[in-house]
Amino acid sequence: MSTAAINSGFSASIKGVKAVDRYLVKEEARAQKARNTALRVEGYRLKNLLQKEIRQGAPGGRQFTPLSWIARRIWRRPNRKPLDQLSKGVRYDVNPREPYAVAVGFVGPMTWSEADLGLGYVGRRVNQYSPDLLRDESLNPLRRGISRSNISSKKWRRLADMHQEGFTHEISPRKRWWIINRGAGLIKRSSFGREDIADTPFFLRKNTRRFTTPARKIIGPFWQAHEMPARRNIKRNFKAKLAGRRI
Numbered sequence: 001m002s003t004a005a006i007n008s009g010f011s012a013s014i015k016g017v018k019a020v021d022r023y024l025v026k027e028e029a030r031a032q033k034a035r036n037t038a039l040r041v042e043g044y045r046l047k048n049l050l051q052k053e054i055r056q057g058a059p060g061g062r063q064f065t066p067l068s069w070i071a072r073r074i075w076r077r078p079n080r081k082p083l084d085q086l087s088k089g090v091r092y093d094v095n096p097r098e099p100y101a102v103a104v105g106f107v108g109p110m111t112w113s114e115a116d117l118g119l120g121y122v123g124r125r126v127n128q129y130s131p132d133l134l135r136d137e138s139l140n141p142l143r144r145g146i147s148r149s150n151i152s153s154k155k156w157r158r159l160a161d162m163h164q165e166g167f168t169h170e171i172s173p174r175k176r177w178w179i180i181n182r183g184a185g186l187i188k189r190s191s192f193g194r195e196d197i198a199d200t201p202f203f204l205r206k207n208t209r210r211f212t213t214p215a216r217k218i219i220g221p222f223w224q225a226h227e228m229p230a231r232r233n234i235k236r237n238f239k240a241k242l243a244g245r246r247i
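Counting with the working numbering, you get residues 1 to 247 for the letters of the sequence shown.
Some hints could be false.
[Said to hold, decoys possible] With a straight-line Cα cutoff of 27 Å, these simulated DSS-like cross-link-like pairs (lysine-lysine) come out:
id, residue 1, residue 2
1, Lys235, Lys26
2, Lys241, Lys33
3, Lys47, Lys18
4, Lys33, Lys18
5, Lys154, Lys217
6, Lys47, Lys206
7, Lys81, Lys155
8, Lys47, Lys33
9, Lys52, Lys18
10, Lys47, Lys239
11, Lys239, Lys206
If you're looking for bench data, these hints aren't it; they were derived computationally from the structure.
Go ahead and model the full structure; you've got the sequences and the hints to work with.
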């Protein structure tokens, strides 16, 4: 038997390759859509949860440092929670392509140079397109509460950064005048010249030159408490979406 005859016995053709390719492309598109939907559903849930916990004064169940006595009285809301207004700046964003990720917190615009310097954000955002970074370093924007999309203003991100780190600011003459008058103004004078106390007045000591605001962590405690449930929810939602169920 010749070599040619042996080789000819092994020739074969595979039919239906193009149909298989089309099926695989279709399934990959369906899987990608399911991933994005699962991330967005969980991102929206986490955004609402973080806003609620900030208003309650306890992100991740960890209570904020209470407001000072003057801070509670100065706006006539003695029972208000620290940073409750900061909840208005919370947003979420999803990266719809690899590496798939969801960011929740004070998310905002980002350029590569800003990412390298870590300016103006709650923590430092890794540059997902830098070959110098490991893949794992670019997969967890949720821990840092930052993103690429323009969805939280610089004001919110700056305030969040300041309050998470804590800060001290000088009391200007104008601010001192306002505080003194606000504290004394809690005493209402009647038409007969008597002093009727509407609320407990406060006064500023002459040697008080600055106020110190303690650090109140937001993103770290929140993610520490909710990381594992979030991962489970994303996986469950992805499987449900692939199965054609509403999530």
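If you draw a straight line from the CA of Lys235 to the CA of Lys26, is it 27 Å or shorter? Between Lys235 and Lys26 the Cα gap is close to 21 Å, so the pair holds against 27 Å.
Holds or violated: are the alpha carbons of Lys52 and Lys18 at most 27 Å from each other? violated (51 Å)
Given the proposed pairing of Lys47 with Lys206, does the C-alpha separation stay at or below 27 Å? Judged against 27 Å, a Cα distance of about 44 Å means the pair is violated.
Holds or violated: Lys47 with Lys33, Cα cutoff 27 Å? holds (21 Å)
Holds or violated: Lys154 with Lys217, Cα cutoff 27 Å? Satisfied, since the Cα-Cα distance of roughly 19 Å is no more than 27 Å.
Compare the distance between the alpha carbons of Lys239 and Lys206 with 27 Å, and conclude whether the hinted pair is satisfied. violated (65 Å)
For Lys81 and Lys155, compute the direct alpha-carbon distance and say whether it is at most 27 Å. holds (20 Å)
Next pair to validate is Lys47 with Lys239; report whether the Cα-Cα distance is within 27 Å. holds (22 Å)
Check the hint pairing Lys47 with Lys18 against an upper bound of 27 Å on the C-alpha distance. violated (43 Å)
Given the hint that Lys33 pairs with Lys18, test it: the Cα-Cα distance must not exceed 27 Å. It holds: about 23 Å lies between the C-alpha atoms, which stays within 27 Å.
Given pair status - Lys33, Lys241, alpha carbons within 27 Å: At roughly 9 Å apart (the allowed maximum being 27 Å), Lys33 and Lys241 satisfy the hint.
The structure shown violates the earlier hints numbered 3, 6, 9 and 11.
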